[in-house]
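If you read the sequences in order, they're chains Z and V. The first sequence begins at 1 in this note's numbering and counts up by one. The second sequence begins at 1 in this note's numbering and counts up by one.
Check each hint, because a few of them may be wrong.
Pulled from the structure, derived: some chain Z residues nowhere near chain V, Cβ distances all over 12 angstroms [what the hints assert, rightly or not]:
hint: 1; residue: G148
hint: 2; residue: T162
hint: 3; residue: L163
hint: 4; residue: G210
Covered, in the sense of this in silico footprint (three residues per stretch, anywhere, with C-beta under 8 angstroms from a C-beta of chain Z), are these stretches of chain V [said to hold, decoys possible]:
hint: 5; stretch: 60 to 69
hint: 6; stretch: 87 to 96
Rather than coming from a laboratory, the hints here were simulated on the basis of the structure. Glycine included, each C-beta is placed from N, C-alpha and C at the ideal position.
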Amino acid sequence: MPETLFRTMMIRGFGLLAVLMLFVVPVIGSRAMVQDLFGVLTLLVLALNWNLLAGFAGLVSVGQQAFVGLGAYTMFACVILLDVDPLWGILAGGAVAMIVAVPVAIFTFRLSGAYFAIATWVLAEIVRLVLAQWKALGGGTGTSLPKGTTKDMWGVQWLKDTLDVSSSAASDALTYWLALVLALGTLAAAYVFLRSKAGLGLQAIRDNVGAARSVGVDPTRLKAWIFLLTAAGTGVCGALLFIQITRVTPEAAFSVVDWKAFVIFITVIGGVGTLPGPIVGVIVFYILQRTLADYGTIYLIVLGLIGIAVMLFAHRGLWGLFADKTGIELLPLRHLPPRSAHSS
Amino acid sequence: MTILALKSVSKSFGALKVTNDVTLEVERGEALGIIGPNGAGKSTLFNLITGNLKPDAGTVEFDGRDVTRVTAMDRVRAGIGRSFQIPQPFTHLSVYENLLVAAQFGGNLHRSEAAHFCVDIIERTGLLQVIEEPAGGLPLLQRKRLELARAMATSPRLILLDEIAGGLTDAECGDLVRTIKGIHRHGTTIIWIEHVLHALTSVVDRLAVLNFGKMLMVGGVNAVMNSPEVKEIYLGIEV
Ligand SMILES: Nc1ncnc2c1ncn2[C@@H]1O[C@H](COP(=O)(O)OP(=O)(O)O)[C@@H](O)[C@H]1O
Ligand SMILES: [Mg+2]
Numbered sequence: 001m002p003e004t005l006f007r008t009m010m011i012r013g014f015g016l017l018a019v020l021m022l023f024v025v026p027v028i029g030s031r032a033m034v035q036d037l038f039g040v041l042t043l044l045v046l047a048l049n050w051n052l053l054a055g056f057a058g059l060v061s062v063g064q065q066a067f068v069g070l071g072a073y074t075m076f077a078c079v080i081l082l083d084v085d086p087l088w089g090i091l092a093g094g095a096v097a098m099i100v101a102v103p104v105a106i107f108t109f110r111l112s113g114a115y116f117a118i119a120t121w122v123l124a125e126i127v128r129l130v131l132a133q134w135k136a137l138g139g140g141t142g143t144s145l146p147k148g149t150t151k152d153m154w155g156v157q158w159l160k161d162t163l164d165v166s167s168s169a170a171s172d173a174l175t176y177w178l179a180l181v182l183a184l185g186t187l188a189a190a191y192v193f194l195r196s197k198a199g200l201g202l203q204a205i206r207d208n209v210g211a212a213r214s215v216g217v218d219p220t221r222l223k224a225w226i227f228l229l230t231a232a233g234t235g236v237c238g239a240l241l242f243i244q245i246t247r248v249t250p251e252a253a254f255s256v257v258d259w260k261a262f263v264i265f266i267t268v269i270g271g272v273g274t275l276p277g278p279i280v281g282v283i284v285f286y287i288l289q290r291t292l293a294d295y296g297t298i299y300l301i302v303l304g305l306i307g308i309a310v311m312l313f314a315h316r317g318l319w320g321l322f323a324d325k326t327g328i329e330l331l332p333l334r335h336l337p338p339r340s341a342h343s344s
Numbered sequence: 001m002t003i004l005a006l007k008s009v010s011k012s013f014g015a016l017k018v019t020n021d022v023t024l025e026v027e028r029g030e031a032l033g034i035i036g037p038n039g040a041g042k043s044t045l046f047n048l049i050t051g052n053l054k055p056d057a058g059t060v061e062f063d064g065r066d067v068t069r070v071t072a073m074d075r076v077r078a079g080i081g082r083s084f085q086i087p088q089p090f091t092h093l094s095v096y097e098n099l100l101v102a103a104q105f106g107g108n109l110h111r112s113e114a115a116h117f118c119v120d121i122i123e124r125t126g127l128l129q130v131i132e133e134p135a136g137g138l139p140l141l142q143r144k145r146l147e148l149a150r151a152m153a154t155s156p157r158l159i160l161l162d163e164i165a166g167g168l169t170d171a172e173c174g175d176l177v178r179t180i181k182g183i184h185r186h187g188t189t190i191i192w193i194e195h196v197l198h199a200l201t202s203v204v205d206r207l208a209v210l211n212f213g214k215m216l217m218v219g220g221v222n223a224v225m226n227s228p229e230v231k232e233i234y235l236g237i238e239v
């Protein structure tokens, strides 16, 4: 259908424009806007990861905040104990999250469904309690990045001079751009992964595990890969988040509301198991947050109700609804046969 | 050369002994038919060969190797392909993608080789018109063809076919028989469970008869079909 094609092109063009605009925000936008959008982008990264896990691998974890916290604490350990640039801490955060994900997977993969979900939560609590004992990083009350850490971060001085802004604005700009690159990178990686052999295998598993095994797909192996890779992505994001926040406490780093409830909400309303879902979800979430933020707890209740309504009436979320109605596919995962075989 | 050997294989579901001390040898390149009344344990025997079920006793050898403890995934990669009696398509994937999964995982082919290989099988199994359709939307007949096609896409050396001719018209049955003969000519070993005896006997060299989980007899098609026991079992079932 040429009309669908046209609309798809329009949306893609619009998306491209939005990305370009996002890149120049630190140059032309206010600092508050940079900080706001940093929050949006990091939530998007977390939602993209959770969507891969729950939506594509069927691993409905409610313990991913463990990897946010691990990333954050690893970054703090790198800075405070090893005295290295926090940007190295981001990589270390991802690595440590992935390493810890190995025993977590070995333990939780024995369980399925609700038992798997509960086990991930319990393990997340255990990781939080353990890190709260780490006296060098402030124990239960937490700690801050040493003075000047973000100012001395790689690239900040250069940005400060180039953009002619304060060091803190320059460091906000740097973390913002890293979040933007991380979000785009995660989206691109998810797309490439899902279109690869492994991604096709995952979709087969989702449709019929028994049949998938009978054509040679190893479900456990594929799921384990997704679990490790999303743990790494989540850990990287956690480290980046807390470079910008500059202060860590066990409560903040393992926040159930921020890094779990919001992330699940975003993915569910946007569309679990659809690639553009988390993007739609994070935009809706941001708008709701801006309009309802003054209402305190009511805001959370409204979010919950909207989430439930979407789950009941559009289980592939707003994007799924839109895609079904219009036939538009932004990031199609379909594999087409070679040209010569097209039926016509 | 024996490609498959079952040695005193048994399997029970609760008190029900569904596979009762079955011993069977299949030669490389042969086509064996399995017949027997409903509930005789034919599909269960397939599940024991493919590793979808583990036997309570006995061993399964494939290609001279004991595979009794080998997973279903690894047995596919080793060369045992199968179709399901009740079709199990990947419903949200297209017909082409259903085969692509099988060719890449079970057949260990690269994407580029797999693409043309799959299209070729889709052509041979008469699914070209629906190549891009989601498998979940196919009618039963085409789902059965897809079962055959997807099993072929794993590049099996031994292919297990479970009642794929039921409900076909004579013409369709003729097409199916031609396709299966093609697979056989290619050197693939075939074990085919089928109630449509004229289709079965036009392909297979030998017949095995299962009844109440026991291997009643194995032998040449004529010898088996003319034996009094088989006539008794099939009395009223096959006309
Ligand atoms: N997973 C199972 N659990 C319990 N009983 C089963 C199971 N699979 C098969 N059966 C029983 O085993 C018997 C043989 O089934 P099956 O192998 O499907 O027979 P056939 O294919 O010869 O018709 C039937 O009585 C069936 O109900
Ligand atoms: Mg059966």
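Of the numbered hints stated previously, which ones are contradicted by the structure, given in increasing order?
4, 5
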